[in-house]
Amino acid sequence: MNRKIASILVGAAMALTGATVAGAGTLEEVKAKGFLQCGANGGNLIGFGATDEKGEWSGIDVDFCRAMAAAIFNDPTKVKFTPLNAKERFTALQSGEVDVLSRNTTWTMSRDSSLGLQFVGVTYYDGQGFMVRKSLGVSSALELSGAKVCTQTGTTTELNLADYFRSHNMPYEVVAFEKNEEVLQAYEAGRCDAYTTDASGLYAERLKLTNPEEHMILPEIISKEPLGPAVRQGDDKWFTLAKWTLFALLNAEELGMTKANIDEKKTSDNPEIKRFLGIEGNFGEPIGLSSDWAYNVIKNVGNYGEIFDANIGPSTPLGIARGLNNLWSKGGIQYAPPIR
Amino acid sequence: MATLLNNPTIRGYAFQIAFVLVLGWFVWDIIDNTARNLQKANIAAGYGFLDRTAGFGIVQKLVPYTEASSYGRALYVGLLNTLLVAGLGILFASILGFIVGVARLSPNWLVSRVATAYVEILRNIPLLLQLFFWYFAVLRAVPGMREKWTLFGVFHLNIGGLHIPKLVLGEGAWTVAAAVLIAVAIMVFLSRWGRARQNRTGRRPPIGLLNTVVLFGLPLIAFFAAGRPLYFDVPVFNETGPLLRRGFQPDAGMTIVPEFVGLLLALSLYTATYIAEVVRSGVQAVNRGQTEAAASLGLLPRQILRLVVLPQALRIIIPPLTNQYLNLTKNSSLAVAVAYPDLVSVGGTVLNQTGQAVEVVSIWMLFYLGLSFLTSAVMGYFNKRVALVER
Numbered sequence: 001m002n003r004k005i006a007s008i009l010v011g012a013a014m015a016l017t018g019a020t021v022a023g024a025g026t027l028e029e030v031k032a033k034g035f036l037q038c039g040a041n042g043g044n045l046i047g048f049g050a051t052d053e054k055g056e057w058s059g060i061d062v063d064f065c066r067a068m069a070a071a072i073f074n075d076p077t078k079v080k081f082t083p084l085n086a087k088e089r090f091t092a093l094q095s096g097e098v099d100v101l102s103r104n105t106t107w108t109m110s111r112d113s114s115l116g117l118q119f120v121g122v123t124y125y126d127g128q129g130f131m132v133r134k135s136l137g138v139s140s141a142l143e144l145s146g147a148k149v150c151t152q153t154g155t156t157t158e159l160n161l162a163d164y165f166r167s168h169n170m171p172y173e174v175v176a177f178e179k180n181e182e183v184l185q186a187y188e189a190g191r192c193d194a195y196t197t198d199a200s201g202l203y204a205e206r207l208k209l210t211n212p213e214e215h216m217i218l219p220e221i222i223s224k225e226p227l228g229p230a231v232r233q234g235d236d237k238w239f240t241l242a243k244w245t246l247f248a249l250l251n252a253e254e255l256g257m258t259k260a261n262i263d264e265k266k267t268s269d270n271p272e273i274k275r276f277l278g279i280e281g282n283f284g285e286p287i288g289l290s291s292d293w294a295y296n297v298i299k300n301v302g303n304y305g306e307i308f309d310a311n312i313g314p315s316t317p318l319g320i321a322r323g324l325n326n327l328w329s330k331g332g333i334q335y336a337p338p339i340r
Numbered sequence: 001m002a003t004l005l006n007n008p009t010i011r012g013y014a015f016q017i018a019f020v021l022v023l024g025w026f027v028w029d030i031i032d033n034t035a036r037n038l039q040k041a042n043i044a045a046g047y048g049f050l051d052r053t054a055g056f057g058i059v060q061k062l063v064p065y066t067e068a069s070s071y072g073r074a075l076y077v078g079l080l081n082t083l084l085v086a087g088l089g090i091l092f093a094s095i096l097g098f099i100v101g102v103a104r105l106s107p108n109w110l111v112s113r114v115a116t117a118y119v120e121i122l123r124n125i126p127l128l129l130q131l132f133f134w135y136f137a138v139l140r141a142v143p144g145m146r147e148k149w150t151l152f153g154v155f156h157l158n159i160g161g162l163h164i165p166k167l168v169l170g171e172g173a174w175t176v177a178a179a180v181l182i183a184v185a186i187m188v189f190l191s192r193w194g195r196a197r198q199n200r201t202g203r204r205p206p207i208g209l210l211n212t213v214v215l216f217g218l219p220l221i222a223f224f225a226a227g228r229p230l231y232f233d234v235p236v237f238n239e240t241g242p243l244l245r246r247g248f249q250p251d252a253g254m255t256i257v258p259e260f261v262g263l264l265l266a267l268s269l270y271t272a273t274y275i276a277e278v279v280r281s282g283v284q285a286v287n288r289g290q291t292e293a294a295a296s297l298g299l300l301p302r303q304i305l306r307l308v309v310l311p312q313a314l315r316i317i318i319p320p321l322t323n324q325y326l327n328l329t330k331n332s333s334l335a336v337a338v339a340y341p342d343l344v345s346v347g348g349t350v351l352n353q354t355g356q357a358v359e360v361v362s363i364w365m366l367f368y369l370g371l372s373f374l375t376s377a378v379m380g381y382f383n384k385r386v387a388l389v390e391r
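Heads up: the sequence lines are chains S and P, in that order. As numbered in the numbering used here, residues 1 to 340 make up the first sequence, in order. As numbered in the numbering used here, residues 1 to 391 make up the second sequence, in order.
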């Protein structure tokens, strides 16, 4: 009920307050109010957007917002999070309720073209997978013919699921819930044979099951899910800032700069590092920031690899390998244009 | 001129016209502003998306629907699901509510206390929590997908839902349907004739027996005459084969999904508590002298309730009852929490895939508004019929 009221209110807000939607200068607004409003995952998706018992946010998506706050304010804590569900997220961004949407959102053409928003880049290359009970004796998604599948409504997942089963001529039944919590409960109760969502989400959700080791994630990845942050269309300056914050995270890893060693790197002779740190040239000014904006990002939140390892990497309970998300120079496809 | 200004009729009209104009301008401005802002923000607008292919599956559909159907069709499926759960919810909540409401007034200590406990407990727990309770209680209590409980040999229950035989209409089934209609018509006629005769002669013809014979006899004759056009499609349960292939097969029989059962239970049980209170207040509002007078005429307690108290209580009960029906209908939008594909749930998926929030929200609002108006109109008509006619 609350959700419905919220979306209606947002709709009403769209109708009445044109200024926020069309208004230029998100950066100026953010600077004026003194913090960044970030749309994050309200469904407690461990490793991407989740709150602990103290209400402290963590996750890759969350850290991206902190990186933006660090670039703007040199203070990663100057960010407020709005927990959003899958259905609310675009409206929240469109209506100006949040300045940036960083909520494991798949970049697709229709979203890029008809929702009035722009995807900044890819923070995590993901794909949709299936989780099943080991006792089911299934080793491939192609054996799921006739399965009952639980999923969350209001995501690209439902569509991929339908496409996959249709293209393989397999009958199936989908049971779609509004929230992750209920999907998981229903799956655990045995309402469904399989649980489908982005593979990263499956790893995170599996941890919440009573006996995680009784469940397995099938090897098939049935879709491309490039997850990334998005901003509103029509504010190119803000778009550029968000985009280059992401590139700074990636470039820092490539140049070997970490939270710990970035101060030492100030004495480096490498011109790329000098430009990155703002010692040579001033790349901050055109995007409305100080010359050491990239330094502030890394000093406060670390580079992409550090964020990955801290939230979802092999040493965390999720234990996800870098895989596609490794740098292009290390066998992955994460690649950022250079700062020069 | 001054007289015109001071004329109350003209002033009344002038103010009303001005109000309507301002309201109209306000509404138009909102719509226009929204459209312009959407365009400026590069967000697609309009209802053209309703014809595009939906591409997602729906677990319960009353009309044919596949992934290749359109968004419009998907919304229609959701709409019918809402109507189904709201309609049945209203029916069950009313029956239960009337029973509990009357039971609360029962002179029997146990009956009235049980009814009171039921009302007080269920009325004071938020509906969403009850919904989760019933849904997951239902899920946890029944056997898993590869097992079943069987009742009377034909009803099977497991976590996939209640699997029952499906009535299939073969060729010539319309004759049976027609026979049922004719039987009902004859029953109405017989009842009227019986009452008239009782009024005239004081003796009551055996209408009940005659009605039973007509109700079952006519359709049965039609059924055999048309070559038995109705048959049952029974659920098929596989005990062997690969694990995923075991259990009930999707293309045989009819399945009532647990999402529906959970939602219907929660809505009916919750709303019934309010209806019970409405009924109780209505019954208590009937003057005690009426009951005593009826008793002194020698009517039985059952007859007093049916012939004296309830007809008078109804006119007090119906207006607040309408509110409860409207509440139930609107509360059915909680369905999405337990995966029941109602209009809000399906609309949410459509909204997410097309991104056209304003359009989808407008469809939601129009539908619920329309449904509420319809319910109010029906109940208003009913209210007029039972209202006390004062001469």
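Just so you know, these hints were derived from the structure itself, not from any lab. Be aware that a few hints might be false.
Unchecked claim - If you only want the chain S side, here are some residues facing chain P, beta carbon under 8 Å, derived: (1) Phe90; (2) Asp112; (3) Gly137; (4) Ser140; (5) Ser145; (6) Glu158; (7) Asn169; (8) Glu173; (9) Thr210; (10) Glu213; (11) Gln233; (12) Gly234; (13) Lys259; (14) Ala260; (15) Glu264; (16) Ile287.
These numbers were taken from a predicted model, which means no experiment stands behind them. Ideal placement from N, C-alpha and C gives every residue a C-beta, glycine not left out.
Hints versus structure:
For the restraint placing phenylalanine 90 of chain S at the interface with chain P, the shortest Cβ-Cβ distance is roughly 6 Å, inside the 8 Å limit, so the hint holds. A cut of 8 Å between beta carbons decides the hint on aspartate 112 of chain S: the least distance to chain P is about 10 Å, and the hint is violated. Among the interface hints, the one on glycine 137 of chain S holds; its C-beta lies about 5 Å from the nearest C-beta in chain P, closer than the 8 Å criterion. For serine 140 of chain S, the suggested interface contact is broken, since its CB lies about 12 Å from the closest CB of chain P, more than 8 Å.
This hint holds: serine 145 of chain S has a C-beta 7 Å from the nearest C-beta of chain P, less than the 8 Å allowed. The interface hint given for glutamate 158 of chain S is met, as the beta carbon of that residue sits about 4 Å from the closest beta carbon of chain P, less than 8 Å. The restraint placing asparagine 169 of chain S at the interface with chain P is violated, with a minimum CB-CB distance near 12 Å, outside the 8 Å limit. Hint status for glutamate 173 of chain S: holds, given a least beta-carbon distance of 6 Å to chain P, under 8 Å.
Because the smallest distance between the Cβ of threonine 210 of chain S and any Cβ of chain P comes to about 13 Å, over 8 Å, the interface hint for this residue is violated. The interface hint given for glutamate 213 of chain S is violated, since its Cβ lies 19 Å from the closest Cβ of chain P, which is over the 8 Å cut-off. For glutamine 233 of chain S, the interface hint holds, the least distance from its beta-carbon to any beta-carbon of chain P being 5 Å, beneath 8 Å. For the restraint placing glycine 234 of chain S at the interface with chain P, the shortest Cβ-Cβ distance is roughly 7 Å, inside the 8 Å limit, so the hint holds.
Interface restraint check: lysine 259 of chain S against chain P, minimum CB-CB distance 37 Å, threshold 8 Å, status violated. A cut of 8 Å between beta carbons decides the hint on alanine 260 of chain S: the least distance to chain P is about 41 Å, and the hint is violated. For glutamate 264 of chain S, the interface hint is violated, since its Cβ never comes within 8 Å of a Cβ in chain P; the closest pair sits about 45 Å apart. Among the interface hints, the one on isoleucine 287 of chain S is violated; its C-beta lies about 22 Å from the nearest C-beta in chain P, farther than the 8 Å criterion.
When held up to the earlier numbered hints, the structure conflicts with 2, 4, 7, 9, 10, 13, 14, 15, 16 and fits the remainder.
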